[in-house]
Amino acid sequence: MDIATIVQVIDSTLRLATPLLFACLAGLISERAGVFDIGLEGKMLIAAFTAAAIAYVSANVWIGVGAAVLASMVLSLVHGVASITFRGNQLIAGVAINFLAAGITVVIAQNWFQLGGRTPSLTGDARMARLQLPFADAVRDVPVLGPVYSGILSGHGLLVYVAFLCVPLTWYMLFRTRLGLRMRAVGENPAAVDTAGISVVGLRYIGVAIGGVLCGLAGAYLATGLSAGFVQEMTAGRGFIALAAMIFAKWRPWHAMGAVLLFGFLEAVANRFQNIEILGVGVPVQAMQALPYVLTVVILAGFVGKAIPPRAVGTPYVKEH
Amino acid sequence: MALTDTAMRQETAASDLAIELRGISKAFGSVQANKDISIRVKRGTIHGIVGENGAGKSTLMSILFGFYSADAGEIYVNGKLTEIPDSLSAIKSGIGMVFQHFKLVDNFTVLENVILGAEDSGLLRPSLARARGLLKDLAREFELNVNPDAKVEDLSVGHQQRVEILKALYREADILILDEPTGVLTPSEADHLFRILKGLKEQGKTIILITHKLREIMDVTDEVSVMRRGEMVATRVTAETNPTELAELMVGRKVLLRVEKTPAKPGAEVLRAEGLRVVDSHGVERLRGVSLDIRAGEILGIAGVAGNGQSELLEVLAGLREAEGQVWLRGEALPMSGAKFGPLSRRKQGIAHVPEDRHRRGLVLNFHAWENTAFGYHHDARFNPSPWRMDNDAIREDTRGKMERFDVRPPDCWLKASGFSGGNQQKIVLAREMERNPEVLLVGQPTRGGDIGAIEFIHQQLINLRDQGTAVLLVSVELDEILALSDRIAVMFDGRIMGERMPDETNAQELGLLMAGME
Chain A
0 MDIATIVQVI DSTLRLATPL LFACLAGLIS ERAGVFDIGL EGKMLIAAFT
50 AAAIAYVSAN VWIGVGAAVL ASMVLSLVHG VASITFRGNQ LIAGVAINFL
100 AAGITVVIAQ NWFQLGGRTP SLTGDARMAR LQLPFADAVR DVPVLGPVYS
150 GILSGHGLLV YVAFLCVPLT WYMLFRTRLG LRMRAVGENP AAVDTAGISV
200 VGLRYIGVAI GGVLCGLAGA YLATGLSAGF VQEMTAGRGF IALAAMIFAK
250 WRPWHAMGAV LLFGFLEAVA NRFQNIEILG VGVPVQAMQA LPYVLTVVIL
300 AGFVGKAIPP RAVGTPYVKE H
Chain B
0 MALTDTAMRQ ETAASDLAIE LRGISKAFGS VQANKDISIR VKRGTIHGIV
50 GENGAGKSTL MSILFGFYSA DAGEIYVNGK LTEIPDSLSA IKSGIGMVFQ
100 HFKLVDNFTV LENVILGAED SGLLRPSLAR ARGLLKDLAR EFELNVNPDA
150 KVEDLSVGHQ QRVEILKALY READILILDE PTGVLTPSEA DHLFRILKGL
200 KEQGKTIILI THKLREIMDV TDEVSVMRRG EMVATRVTAE TNPTELAELM
250 VGRKVLLRVE KTPAKPGAEV LRAEGLRVVD SHGVERLRGV SLDIRAGEIL
300 GIAGVAGNGQ SELLEVLAGL REAEGQVWLR GEALPMSGAK FGPLSRRKQG
350 IAHVPEDRHR RGLVLNFHAW ENTAFGYHHD ARFNPSPWRM DNDAIREDTR
400 GKMERFDVRP PDCWLKASGF SGGNQQKIVL AREMERNPEV LLVGQPTRGG
450 DIGAIEFIHQ QLINLRDQGT AVLLVSVELD EILALSDRIA VMFDGRIMGE
500 RMPDETNAQE LGLLMAGME
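Protein chains in written order, with numbering that gives the first Met the number 0: chain A, 0 to 320; chain B, 0 to 518.
I should point out that these hints are in silico values taken from the structure, not numbers from a laboratory.
Everything numeric in this text was worked out from a predicted model, so none of it was measured.
Fair warning: there could be bad hints in the mix.
Said to hold, decoys possible - Here are the computed distance ranges between Cβ atoms for each label pair:
| # | chain 1 | residue 1 | chain 2 | residue 2 | range |
| --- | --- | --- | --- | --- | --- |
| 1 | B | 91 | A | 124 | 14 to 24 Å |
| 2 | B | 152 | A | 168 | 50 to 60 Å |
| 3 | B | 280 | A | 145 | 12 to 22 Å |
| 4 | B | 138 | A | 133 | 49 to 59 Å |
| 5 | A | 88 | B | 171 | 33 to 43 Å |
| 6 | A | 73 | B | 341 | 47 to 57 Å |
| 7 | B | 418 | A | 86 | 21 to 31 Å |
| 8 | A | 168 | B | 171 | 47 to 57 Å |
| 9 | A | 61 | B | 358 | 36 to 46 Å |
Unchecked claim - Cut-off 30 Å, straight-line C-alpha distance, at most; resulting in silico cross-link-like pairs (DSSO-like, lysine-lysine):
| # | chain 1 | residue 1 | chain 2 | residue 2 |
| --- | --- | --- | --- | --- |
| 10 | B | 260 | A | 318 |
| 11 | B | 34 | B | 212 |
| 12 | B | 253 | A | 318 |
| 13 | B | 135 | A | 249 |
| 14 | A | 318 | B | 102 |
| 15 | A | 318 | B | 150 |
| 16 | B | 135 | B | 34 |
| 17 | A | 318 | B | 135 |
| 18 | A | 318 | B | 91 |
| 19 | A | 249 | B | 212 |
| 20 | B | 34 | B | 339 |
| 21 | B | 150 | B | 79 |
| 22 | A | 305 | B | 415 |
| 23 | B | 102 | A | 305 |
| 24 | B | 79 | A | 318 |
Every residue, glycine too, gets a C-beta built ideally from N, C-alpha and C.
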């Protein structure tokens with residue numbers, strides 16, 4: 000295996016991990032605030048569709064991204080109203096969001112573009128441009144630095160950098176700010192927050208809303224950066240993989256980055272080596288593509304040690320007598 | 000001139016009050032929890048509020064802390080009419096509350112818990128530094144030592160309570176409300192708490208102490224108000240009253256504070272356990288070689304702070320948990336694991352069990368009373384005329400009898416278990432387990448959550464059962480209860496029996512030392 004292949008795989012790992020990272024952080028923040036978010040998938044999907052459709056119509060990818068964030072936040076609001084205000088079952092509200100998104104995207108896409116439930120392919124300014132980092136060309140031929148800087152780090156859409164920047168931001172917000180302290184408290188013991196005179200409902204809405212923004216970015220990158228347009232069910236379970244990564248990371252931002260890089264790497268490997276032979280036996284491409292999902296099952300089955308979720312997650316807060 | 004004098008005196012009187020409530024009423028649905036309550040709490044005093052469970056003490060304090068809003072009435076804080084629609088306004092008015100069930104985030108550090116909700120700015124660092132300094136000062140001043148960097152879940156209950164007090168002081172509370180603060184403390188921890196409270200009082204703070212323990216009221220309060228069924232029935236200067244008067248005011252009739260019992264006439268040894276050893280799923284050794292024996296017609300009381308192995312001991316004896324060691328019933332070795340081990344076989348052998356946690360193990364709260372009285376005995380032939388049919392009428396008939404004999408109120412066998420008060424729920428469990436005339440009765444926390452009337456009744460029933468020749472193992476965290484009922488007392492600490500004492504040859508101080516692990 001040559002250097003060029005390795006660089007290529009790692010380069011594509013970063014891109015494939017980006018939507019997972021956004022979604023994973025979305026779930027992490029929401030659950031830290033005590034609200035299960037199984038609707039990551041649906042929010043990503045509606046964001047992907049909205050981003051593709053609006054970017055195509057406006058011929059500007061950033062208008063598409065903005066619209067995607069709005070669309071995702073609308074679904075977050077639905078989730079919030081159902082599970083925070085009306086104290087419904089958070090899992091069921093999330094599942095409903097997934098179904099809603101799966102159906103509504105295809106129906107609207109078909110009605111709007113008449114392309115069998117897809118959006119037209121995005122070209123030009125409607126796609127997310129790849130940024131060349133400064134001096135990327137200059138150092139391209141320098142050993143080590145060249146492949147790492149120019150080959151791997153440079154040449155991604157803006158949202159890739161935003162996603163990885165979100166990791167320290169999330170960590171800082173959760174562990175170094177007042178908002179983070181209160182949000183973590185509300186996910187562990189909302190009664191402590193309530194008796195301190197702070198609104199439990201308000202904090203949980205903030206958590207869910209931040210999750211909405213991040214899911215919007217995840218979907219937008221999926222449709223405008225990773226692909227060039229929306230197709231039916233294009234999230235392909237990434238929302239659930241993100242949930243698995245979040246559990247794997249035990250609800251910690253830096254570990255979440257590690258977890259999604261692992262998933263992204265598996266996907267990149269599967270894409271790159273479609274027809275691989277191990278010991279003379281051909282491995283079917285489907286087996287390679289199933290790798291991230293197999294890992295998801297393994298993680299969710301608890302093979303990675305005990306993951307203790309925030310203690311109040313999934314429980315609506317009711318003042319006790 | 001004289002007129003101005005009186006007016007001035009009234010003025011000072013009003014400004015001497017930290018809290019004044021006038022005509023507070025609050026109803027939950029059809030239940031009138033507080034009826035036209037007025038109370039005056041003088042600044043710089045410790046004011047006790049006593050009453051039975053359900054008398055409305057906690058509701059009243061929750062209104063004062065903004066947890067509920069009153070239907071009618073006025074609240075004056077430091078002589079000023081104050082609206083308290085939420086906890087934040089209460090905190091701003093200088094009121095702090097230490098709840099019975101602590102409102103702490105278990106996996107946060109002490110510092111984080113203290114500043115939560117009262118941070119100085121968007122970033123935590125300055126608040127944490129300020130809180131650290133303040134905690135140091137408070138620790139020196141009031142014996143409120145806690146490691147600021149310890150996680151709350153690693154602290155003892157007594158230390159967790161200090162964190163709650165520190166939280167209130169960090170918010171500059173002048174008026175501190177404590178709801179049943181000693182329920183979970185060892186006697187020495189309780190004494191420490193009272194020293195802290197007296198220190199706070201000397202600094203001019205006002206303390207409202209809610210409790211049902213009259214001894215505490217007599218020890219630390221300056222004034223005491225008594226509540227009964229949602230009404231304020233009396234306020235007394237503590238020095239001018241006595242426990243008997245307070246108990247009568249609480250219950251509304253004469254009560255016996257002491258349990259009437261004749262000396263035990265112990266017979267042959269019934270239950271014997273040797274070398275019981277339990278390691279829980281976390282690898283922690285919960286029982287470290289416990290041996291004991293109980294004879295017919297005696298009550299063996301197990302004293303100890305909750306969590307020192309008493310629960311595991313009950314579970315092992317009741318067949319709910321496997322253990323190393325051996326248990327004998329009337330000289331016959333009982334299986335300690337395997338197919339023949341379990342609560343059902345223990346019951347059949349004559350060991351009845353009243354679990355410590357009646358909500359988790361004693362009752363199915365969503366089921367009717369009659370269903371609950373049959374559990375564990377639902378295989379009985381008299382309830383099962385054929386293998387295909389259970390005779391529910393027979394169970395209900397049986398339940399009606401039990402409810403009458405055990406004075407369960409209301410005597411309605413169709414009421415769900417959750418619809419009864421704590422004391423009456425406990426009577427249902429006791430009736431189920433006691434009416435089989437078991438050879439051994441294992442009973443944990445028999446009167447937890449019960450009011451004085453129910454406690455009196457339950458104690459009498461346990462004594463009666465003893466006099467009929469049953470061997471009773473009583474586990475309770477209430478030292479008074481252990482002292483009043485037991486014929487022998489064993490003290491548990493850290494999974495071991497620290498020693499055995501006879502009730503008339505020991506006292507609360509000595510037992511308290513044993514409970515704290517000191518010999």
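Hint check:
At roughly 54 Å, the beta-carbon separation of residue 91 of chain B and residue 124 of chain A lies outside the given 14 to 24 Å, and the hint is violated. Between residue 152 of chain B and residue 168 of chain A the C-beta distance comes to about 29 Å, which lies outside the given range of 50 to 60 Å. At about 54 Å, the CB distance of residue 280 of chain B to residue 145 of chain A disagrees with the hint of 12 to 22 Å. Separated by about 54 Å at the C-beta atoms, residue 138 of chain B and residue 133 of chain A satisfy the suggested range of 49 to 59 Å.
Separation of residue 88 of chain A from residue 171 of chain B is about 41 Å and conforms to the stated range, judged on CB atoms against 33 to 43 Å. For residue 73 of chain A and residue 341 of chain B, the Cβ-Cβ distance of about 55 Å falls inside the hinted range of 47 to 57 Å, so the restraint holds. Checked against the hint of 21 to 31 Å, the C-beta distance between residue 418 of chain B and residue 86 of chain A comes to roughly 23 Å, which is consistent with it. For residue 168 of chain A and residue 171 of chain B, the hinted distance range of 47 to 57 Å is not satisfied, since their beta carbons lie about 34 Å from each other.
The supplied range of 36 to 46 Å is broken by residue 61 of chain A and residue 358 of chain B, whose beta-carbon atoms lie about 56 Å from each other. For the given pair, residue 260 of chain B sits about 44 Å from residue 318 of chain A by alpha-carbon distance, which is inconsistent with the 30 Å threshold. A hinted pair counts as satisfied when its Cα atoms are at most 30 Å apart, and residue 34 of chain B with residue 212 of chain B qualifies at roughly 23 Å. For the hint pairing residue 253 of chain B with residue 318 of chain A, the CA-to-CA distance comes to about 37 Å; that exceeds 30 Å, so the pair is violated.
Simply put, residue 135 of chain B and residue 249 of chain A have alpha-carbon atoms about 34 Å apart, too far for the 30 Å limit, and the pair is violated. With a C-alpha separation of about 12 Å, the suggested pairing of residue 318 of chain A with residue 102 of chain B holds against the 30 Å cut-off. Among the hinted pairs, residue 318 of chain A with residue 150 of chain B is consistent with the structure: their alpha-carbon atoms are about 25 Å apart, no more than 30 Å. For the hint pairing residue 135 of chain B with residue 34 of chain B, the CA-to-CA distance comes to about 43 Å; that exceeds 30 Å, so the pair is violated.
Between residue 318 of chain A and residue 135 of chain B the CA atoms are separated by roughly 33 Å; this puts the pair beyond 30 Å, and the hint is violated. Among the hinted pairs, residue 318 of chain A with residue 91 of chain B is consistent with the structure: their alpha-carbon atoms are about 21 Å apart, no more than 30 Å. Note on residue 249 of chain A and residue 212 of chain B: the hinted pairing is violated, with a Cα-Cα distance of about 44 Å set against a maximum of 30 Å. Distance hint between residue 34 of chain B and residue 339 of chain B is unfulfilled; the C-alpha atoms sit about 56 Å from each other, more than 30 Å.
Distance restraint check for residue 150 of chain B and residue 79 of chain B: the Cα-Cα separation of roughly 39 Å exceeds the 30 Å cut-off, and the hinted pair is therefore not satisfied. Between the alpha carbons of residue 305 of chain A and residue 415 of chain B the distance comes to roughly 38 Å, so the proposed pair goes past 30 Å and is violated. The hinted pair formed by residue 102 of chain B and residue 305 of chain A meets the criterion: a straight-line CA distance of about 26 Å does not exceed 30 Å. A hinted pair counts as satisfied when its Cα atoms are at most 30 Å apart, and residue 79 of chain B with residue 318 of chain A qualifies at roughly 28 Å.
Checked against the numbered hints given earlier, the structure breaks hints 1, 2, 3, 8, 9, 10, 12, 13, 16, 17, 19, 20, 21 and 22 and satisfies all the rest.
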